[in-house]
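Peer 1: Chain by chain, the residues run as shown.
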Amino acid sequence: MNIFVCIKQVPDTTTRIKLREDGNGIDEADIQWIISPHDELAIEEALRLREQQTGSIVTVLSAGPERVTDSLRMALAMGADSAVRLDLPSDADSGMNARALAAAIGKLGPADIVFTGKEAIDDGAAAVGPLLAVFLDLPSVTVVNGIDYRDGAITCRRDVGGGNIEVIETPLPAVVAAQVGLNEPRYATALNIIKAKKKPIDTLSADELGVTGADRKTRLKNFELPPPKQSCRIIEGAPADQARELIRVLAEDIQVI
Amino acid sequence: MKILIIAEHKNGQLSETTRELFGLLLGQAEVHAVAAGENLEPLAGPLGQLGAAKVHLIGSPALASYTGESLGQALGQFIPQLAPVAVLAAHTPQGKDLAPRLAAALDAALATDCIQVSFNDGQVTVRRPVYAGKATAEVEFTDDSLKVITVRPRTVKAPELDAARSAEVIPVAVELPEQKTVLKEIIASDNARPDVTEAAIIVTGGRSLGSAENFSVIENFADSIGAAVGSSRAAVDAGYRPYRDQVGQTGKVVSPQVYIACGVSGAIQHLAGMRTSKYIVAINTDPEAPIFQVADYGIVGDLFEVVPLLAEAAKNRNGS
Ligand SMILES: Cc1cc2nc3c(=O)[nH]c(=O)nc-3n(C[C@H](O)[C@H](O)[C@H](O)COP(=O)(O)OP(=O)(O)OC[C@H]3O[C@@H](n4cnc5c(N)ncnc54)[C@H](O)[C@@H]3O)c2cc1C
Ligand SMILES: Nc1ncnc2c1ncn2[C@@H]1O[C@H](COP(=O)(O)O)[C@@H](O)[C@H]1O
Numbered sequence: 000m001n002i003f004v005c006i007k008q009v010p011d012t013t014t015r016i017k018l019r020e021d022g023n024g025i026d027e028a029d030i031q032w033i034i035s036p037h038d039e040l041a042i043e044e045a046l047r048l049r050e051q052q053t054g055s056i057v058t059v060l061s062a063g064p065e066r067v068t069d070s071l072r073m074a075l076a077m078g079a080d081s082a083v084r085l086d087l088p089s090d091a092d093s094g095m096n097a098r099a100l101a102a103a104i105g106k107l108g109p110a111d112i113v114f115t116g117k118e119a120i121d122d123g124a125a126a127v128g129p130l131l132a133v134f135l136d137l138p139s140v141t142v143v144n145g146i147d148y149r150d151g152a153i154t155c156r157r158d159v160g161g162g163n164i165e166v167i168e169t170p171l172p173a174v175v176a177a178q179v180g181l182n183e184p185r186y187a188t189a190l191n192i193i194k195a196k197k198k199p200i201d202t203l204s205a206d207e208l209g210v211t212g213a214d215r216k217t218r219l220k221n222f223e224l225p226p227p228k229q230s231c232r233i234i235e236g237a238p239a240d241q242a243r244e245l246i247r248v249l250a251e252d253i254q255v256i
Numbered sequence: 000m001k002i003l004i005i006a007e008h009k010n011g012q013l014s015e016t017t018r019e020l021f022g023l024l025l026g027q028a029e030v031h032a033v034a035a036g037e038n039l040e041p042l043a044g045p046l047g048q049l050g051a052a053k054v055h056l057i058g059s060p061a062l063a064s065y066t067g068e069s070l071g072q073a074l075g076q077f078i079p080q081l082a083p084v085a086v087l088a089a090h091t092p093q094g095k096d097l098a099p100r101l102a103a104a105l106d107a108a109l110a111t112d113c114i115q116v117s118f119n120d121g122q123v124t125v126r127r128p129v130y131a132g133k134a135t136a137e138v139e140f141t142d143d144s145l146k147v148i149t150v151r152p153r154t155v156k157a158p159e160l161d162a163a164r165s166a167e168v169i170p171v172a173v174e175l176p177e178q179k180t181v182l183k184e185i186i187a188s189d190n191a192r193p194d195v196t197e198a199a200i201i202v203t204g205g206r207s208l209g210s211a212e213n214f215s216v217i218e219n220f221a222d223s224i225g226a227a228v229g230s231s232r233a234a235v236d237a238g239y240r241p242y243r244d245q246v247g248q249t250g251k252v253v254s255p256q257v258y259i260a261c262g263v264s265g266a267i268q269h270l271a272g273m274r275t276s277k278y279i280v281a282i283n284t285d286p287e288a289p290i291f292q293v294a295d296y297g298i299v300g301d302l303f304e305v306v307p308l309l310a311e312a313a314k315n316r317n318g319s
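Those protein sequence lines, which keep their order, are chains U and P. Each residue of the first sequence is one higher than the last, beginning at 0 in numbering that gives the first Met the number 0. Each residue of the second sequence is one higher than the last, beginning at 0 in numbering that gives the first Met the number 0.
Careful: at least some of the hints might be erroneous.
[To be verified] Okay, the calculated beta carbon distance ranges per label pair:
{"#": "1", "chain 1": "P", "residue 1": "D236", "chain 2": "U", "residue 2": "N163", "range": "53 to 61 Å"}
{"#": "2", "chain 1": "P", "residue 1": "Q80", "chain 2": "U", "residue 2": "D11", "range": "42 to 50 Å"}
{"#": "3", "chain 1": "P", "residue 1": "A237", "chain 2": "U", "residue 2": "D80", "range": "34 to 42 Å"}
{"#": "4", "chain 1": "P", "residue 1": "A63", "chain 2": "U", "residue 2": "T53", "range": "38 to 46 Å"}
{"#": "5", "chain 1": "P", "residue 1": "P286", "chain 2": "U", "residue 2": "D90", "range": "57 to 65 Å"}
{"#": "6", "chain 1": "P", "residue 1": "Q80", "chain 2": "U", "residue 2": "A189", "range": "56 to 64 Å"}
{"#": "7", "chain 1": "U", "residue 1": "N163", "chain 2": "P", "residue 2": "Q80", "range": "55 to 63 Å"}
{"#": "8", "chain 1": "U", "residue 1": "P238", "chain 2": "P", "residue 2": "S210", "range": "18 to 26 Å"}
{"#": "9", "chain 1": "U", "residue 1": "G108", "chain 2": "P", "residue 2": "Q80", "range": "41 to 49 Å"}
{"#": "10", "chain 1": "U", "residue 1": "R232", "chain 2": "P", "residue 2": "G209", "range": "27 to 35 Å"}
{"#": "11", "chain 1": "P", "residue 1": "D301", "chain 2": "U", "residue 2": "Q229", "range": "23 to 31 Å"}
No wet-lab data here; the hints were simulated from the structure. The beta-carbon is built from N, C-alpha and C at its ideal position, and this holds for glycine as well.
Please work from the sequences and hints to get the whole structure.
Peer 2: Right under this line is the structure:
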């Protein structure tokens, strides 16, 4: 099978976000970059599928500037066969990234299955998987936490909230967005991380992908940090008084109960 | 300026998250609503009373249960006929799945999970959180393509129904091609409490609960105030709670009116899932716990002592 995985490089949650002076983005200087956590599940699922289906190839794609090469190497260290960077600016929007990914899969495919993460933790948009599927004219299944593979088709379990699960059947090829529960991603061993440093990473330019500025329909601007929190009001007193006061706050000050 | 609200509904009832969309700053926009499925007539009244001028009903047994493919195709046929400036849906499991499909099919601009939306003076202005709520950003639309916008639940309150208003009801017919994806089954959860992504109040317990049984302390309090039960990852990993309750970077991102964290330290990955809550309450034995840095109200104390007293105080207040 020809298996594709789309991964996004994002700032680690523990990184402090500093805004650029013009307010139209973040200062990337001291950011610790990681593969978005749900995309690790997507990689893991691809690797497990390859183990089941001999002769399969796992290709990892990431759209972004030069820095995303590091994340592609990490995916190679986890076990992917090849990695391609789609050379797009860091402020490309979901639509533009999805156009580029669709074009790359068109060039390198045809795909039997494409994995993405449920959502990337930087924009939390949950958009690129379904966008890409429509551009490739493939069915798409989102928030998937379980997959049964059969010949030419899959049955997916979708986590639709509140503990409810939808069971969806779809023919392959299809685009599947991974949700927690699908698997436990493996760690790349130190040895494989070193080996991956020497592996080639191909690049496709925006030109080669036929993506232009006109594919970008949105741009983020006027970033703001949340207003500083008022300091916490500690409710003092004996436990029963504390409890009564907090319930009073909920009922009278916030009026939520 | 025409805008279209996509109505989610179940058993003839509009979902609360759809009602909320009418509470956004819609300015002078001509508000249309669309609903698809079966037994849609009961929706027209409330949609009109919420402020829709026209309600489009796509009645079809094929749309009785949601699949992104079928509703995407149905709306993909209908929306170009209406030609609105913007399409609004709630950022719910359904809205998240549907919106990008529509955007791709209609060559539209997409802004998801927005927390400010205004259509004042013919200008569409939207803002969304980025980096898990560490910042927000305005979404600029760079051309005049159709805009597909999803709105985070509980961003605004639903308006009161205005009995004096009613909408013109317009039936719409669509033709659906053969479907690739098939919904085989819905396995409904046995969870009678509200889901964490929809609840107005969430009471969350952490590792310090120590066992699955001890979570009854959290559950009793949650039930006394109609709240959902949330969990830190540590408590999920320890097997105290199912994954569906997990809040955080690798769990659910929630934004309730009030988030009550009991015995949760407030690790950055946990904050990533709840820091945009309107009010945060922390109950923790450790006054230095990081959760107090984001909390609005705090009780320094033992949750096993305080939380049952909270349940009792809530019940007393309700007079039951
Ligand atoms: C990649 C990654 C992703 C992650 N994703 C998530 C995620 O999605 N969600 C998440 O929650 N975590 C996530 N984590 C884990 C996170 O880093 C923390 O380990 C976790 O949130 C801690 O859970 P906790 O607060 O329940 O436990 P602890 O950190 O152990 O805190 C327990 C707290 O309880 C207090 N306490 C103890 N006894 C009592 C008592 N009797 N009464 C009151 N207070 C008491 C203690 O003072 C302490 O503050 C992730 C971590 C990583 C690395
Ligand atoms: N720039 C990108 N390059 C490759 N894959 C991406 C990119 N952006 C998003 N994706 C994929 O799409 C998923 C959803 O991302 P998002 O729509 O940004 O929430 C991610 O988990 C990735 O799998």
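Peer 1: Next step is simple, just say for each hint if it's right about the structure.
Peer 2: Structure-based check of each hint:
no.	hint	in the structure
1	P:D236 / U:N163: 53 to 61 Å	22 Å, violated
2	P:Q80 / U:D11: 42 to 50 Å	46 Å, holds
3	P:A237 / U:D80: 34 to 42 Å	37 Å, holds
4	P:A63 / U:T53: 38 to 46 Å	42 Å, holds
5	P:P286 / U:D90: 57 to 65 Å	42 Å, violated
6	P:Q80 / U:A189: 56 to 64 Å	59 Å, holds
7	U:N163 / P:Q80: 55 to 63 Å	33 Å, violated
8	U:P238 / P:S210: 18 to 26 Å	22 Å, holds
9	U:G108 / P:Q80: 41 to 49 Å	34 Å, violated
10	U:R232 / P:G209: 27 to 35 Å	28 Å, holds
11	P:D301 / U:Q229: 23 to 31 Å	26 Å, holds
Checked against the numbered hints given earlier, this structure breaks hints 1, 5, 7 and 9; the rest are met.
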